[in-house]
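Colleague: Use the sequences and the hints to build the structure in full.
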Amino acid sequence: MKKQFNNDLININNLEKGKTGNADLDKAFAEMNSSPLILVSEEVGYIVDNAMVSDVTASVIKNTIILGGAVLASAIFGWMYFQYNSHQKAIRYPKKAQVKKMIPFEQNKIKLSSSNGNSNVSSEENYIITESNNKVNSNSIITSTKSTNQTLVHDVNSNIISDNSTKKTNAAKTLSKTEDQSNQHLAEDSKKSNSNFSKTIITQRYFDDGSAKMTLDYKNQPVRITINSRGIESLFINSEEVAPAYYYLYDDLASEAFKRAKIEPLALPTNDANAKPNISAMMTGALVRRALITNGEEFSFELTSSTAILNNTHLNSDIKKDLLQVYQNAFGSSLPRGGKFIIGKQK
Amino acid sequence: MSLYNPLHERLVRFVQTIVWDKEEARDIVSETILASYENFDKVKHHEAFLYYLFTIAKRKMNRRYVQQKRQTPWTDELNDKAEDSSPDALKQLQVKELKDAISHLPEKYREPLVLFEFSGLTIKEIAKLTQLTENGVKSRLVRARQQLSQILDGSLHEKTI
Chain F
1 MKKQFNNDLI
11 NINNLEKGKT
21 GNADLDKAFA
31 EMNSSPLILV
41 SEEVGYIVDN
51 AMVSDVTASV
61 IKNTIILGGA
71 VLASAIFGWM
81 YFQYNSHQKA
91 IRYPKKAQVK
101 KMIPFEQNKI
111 KLSSSNGNSN
121 VSSEENYIIT
131 ESNNKVNSNS
141 IITSTKSTNQ
151 TLVHDVNSNI
161 ISDNSTKKTN
171 AAKTLSKTED
181 QSNQHLAEDS
191 KKSNSNFSKT
201 IITQRYFDDG
211 SAKMTLDYKN
221 QPVRITINSR
231 GIESLFINSE
241 EVAPAYYYLY
251 DDLASEAFKR
261 AKIEPLALPT
271 NDANAKPNIS
281 AMMTGALVRR
291 ALITNGEEFS
301 FELTSSTAIL
311 NNTHLNSDIK
321 KDLLQVYQNA
331 FGSSLPRGGK
341 FIIGKQK
Chain R
1 MSLYNPLHER
11 LVRFVQTIVW
21 DKEEARDIVS
31 ETILASYENF
41 DKVKHHEAFL
51 YYLFTIAKRK
61 MNRRYVQQKR
71 QTPWTDELND
81 KAEDSSPDAL
91 KQLQVKELKD
101 AISHLPEKYR
111 EPLVLFEFSG
121 LTIKEIAKLT
131 QLTENGVKSR
141 LVRARQQLSQ
151 ILDGSLHEKT
161 I
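Here the protein sequences line up with chains F and R, keeping their order.
Residue 9 in my numbering is what sits at position 9 of the first sequence, and the numbering runs on without skipping anything.
Residue 139 in my numbering is what sits at position 139 of the second sequence, and the numbering runs on without skipping anything.
Misleading hints may appear alongside valid ones.
Claimed, not checked - Calculated pairs, EDC-like style, for lysine to aspartate or glutamate (alpha carbon to alpha carbon, straight line, at most 16 Å): (1) R:K22 - F:E43; (2) F:K345 - F:E298; (3) F:K213 - F:D272; (4) R:K91 - F:D26; (5) F:K27 - R:E97; (6) R:K22 - R:D100; (7) R:K138 - F:E16; (8) R:K96 - F:E31; (9) R:K60 - R:E24; (10) F:K17 - R:E125; (11) R:K96 - F:D24; (12) F:K345 - F:E297; (13) F:K27 - R:D153; (14) R:K96 - F:D26; (15) R:K124 - F:E16; (16) R:K91 - F:D24; (17) F:K219 - F:D252; (18) R:K91 - F:E31; (19) F:K19 - F:E42.
Keep in mind the hints are simulated off the structure, nothing from the lab.
Modeller: See the structure below:
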């Protein structure tokens, strides 16, 4: 056999299938080649058909999943857009229920939250008022001291009746009160509130000069009003400015604004704050509201930076400060040192 | 399928000669066909389908062989699984011995031998498939035959003794 095989090596270029030169090997090769196949071509056709079917099935499933996913995704995005849109509308035209959840507004405002329809005034940033709850006299005037050395004077309803600050800035001023006090006051306010208003204040901000800007919902219309002690600085209803000549038409709106801002109106609430003030009339009204005189009573009053004399009687320093603040609010600037404001003539 | 049908027997013989286990061989052939079917678009020329098909089969077998090598070595039990439907038991024994002898050949000799003797590929085709020169293929074929004869002679000698 080896001899034959060596011949094959010599004839390397004449290799033929099944002819090795070894008879046993050739026979074995022939047997191997005649053995049946483990897989016939019909089975292969079956395998390929199955693969095609499963391919189609997989393709259908894949397409269905893609389509379903696309539909689901568009539904989710649609829902999110709807929610976002609703939220935007709620900010522009807030409803009572939605306003309860509205916390973040622009930088200078009072944050409001509501638990039972009443609003709570909460503090913001570093401007905090600590209430000393000092009763001044029988007229129940309460003095509050701000951390910025400003003094606010409130009446029993927490209406701010004076503020000694003089510089107007755009800085945010927020009031902080104890929850009980706020609830109490606002509950009272809401009882008094006109039905034309929604019970919830939307935004409200205070400025150093004692003015306040707020947004209200009045007769289902958005209202933006800026007031100070002398009256209305500006009024926008439905984003349209109302001329001062027509302020008188909105007496209930102005009264509500003063009530909510807790600012003492020194003249009529609908007075044009930019008009030349009648300081004497304003001071008279302030004295009447403080029960220092009665309405229509003749009196004499003299106010300097160091003294306040009513009917020849010196008023205590707290009332003097309060009245100096009234003067400042009415006039627009503080009484100059050495200056004197007189109503009537001291006997 | 028109491309595949002429190559069917060649492919199956190639696989069933190298792989002992019948079911294993069937699996490899099926996987090869499916793989070639899935990536049929990659075949640019019809002439290349032969090489494409056998290359896939080679890779599948190598992968299985490596896996099996790690898991279970070739044993008599596995050898017994190699069925052959030859009517004659002697023929069956010859086939079994031949398969056994082929399995003992080094890889570089086994593949050209099987492709040439059982799958019926030409020297040129084998050279292209194995990326060898034609003379290299011939050389390996001769050495494969030589070693196979020695193995078979040895086994016959052992049996005689």
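Colleague: Please go over all the hints and tell whether each is borne out by the structure.
Modeller: Structure-based check of each hint:
1. With a C-alpha separation of about 15 Å, the suggested pair K22 of chain R and E43 of chain F falls inside the 16 Å cut-off, and the hint holds.
2. Taking the CA atoms of K345 of chain F and E298 of chain F, the gap is about 10 Å. The hint holds against a cut of 16 Å.
3. Of the supplied pair hints, the one linking K213 of chain F and D272 of chain F holds, its CA atoms being roughly 15 Å apart against a limit of 16 Å.
4. Straight-line distance between C-alpha atoms of K91 of chain R and D26 of chain F comes to about 13 Å, which keeps the hinted pair within the 16 Å bound.
5. For the given pair, K27 of chain F sits about 12 Å from E97 of chain R by alpha-carbon distance, which is consistent with the 16 Å threshold.
6. For the proposed pair K22 of chain R and D100 of chain R, the alpha carbon gap of about 14 Å is at most 16 Å, so the pair holds.
7. Taken as a hint, the K138 of chain R and E16 of chain F pair is honoured in the structure, with Cα atoms around 11 Å apart against an allowance of 16 Å.
8. Between K96 of chain R and E31 of chain F the CA atoms are separated by roughly 10 Å; this keeps the pair inside 16 Å, and the hint holds.
9. Distance restraint check for K60 of chain R and E24 of chain R: the Cα-Cα separation of roughly 11 Å lies within the 16 Å cut-off, and the hinted pair is therefore satisfied.
10. A threshold of 16 Å between alpha carbons decides the hint, and for K17 of chain F with E125 of chain R the separation of about 14 Å falls inside it, so the pair holds.
11. The straight-line distance between the Cα atoms of K96 of chain R and D24 of chain F is roughly 14 Å, inside the 16 Å bound, and the hint therefore holds.
12. For the hint linking K345 of chain F to E297 of chain F, the alpha-carbon distance of about 14 Å falls within 16 Å, and the restraint holds.
13. Between K27 of chain F and D153 of chain R the CA atoms are separated by roughly 14 Å; this keeps the pair inside 16 Å, and the hint holds.
14. For the hint pairing K96 of chain R with D26 of chain F, the CA-to-CA distance comes to about 15 Å; that is within 16 Å, so the pair holds.
15. In summary, the hint linking K124 of chain R to E16 of chain F is supported, as the alpha carbons are separated by about 13 Å, within the 16 Å threshold.
16. With a C-alpha separation of about 12 Å, the suggested pairing of K91 of chain R with D24 of chain F holds against the 16 Å cut-off.
17. Between K219 of chain F and D252 of chain F the alpha-carbon distance is near 11 Å, which keeps this suggested pair within the 16 Å criterion.
18. Distance check on the hinted pair: K91 of chain R and E31 of chain F sit about 7 Å apart at the alpha-carbon level, within 16 Å; holds.
19. As the CA atoms of K19 of chain F and E42 of chain F are separated by approximately 32 Å, the hinted pair breaks the 16 Å bound.
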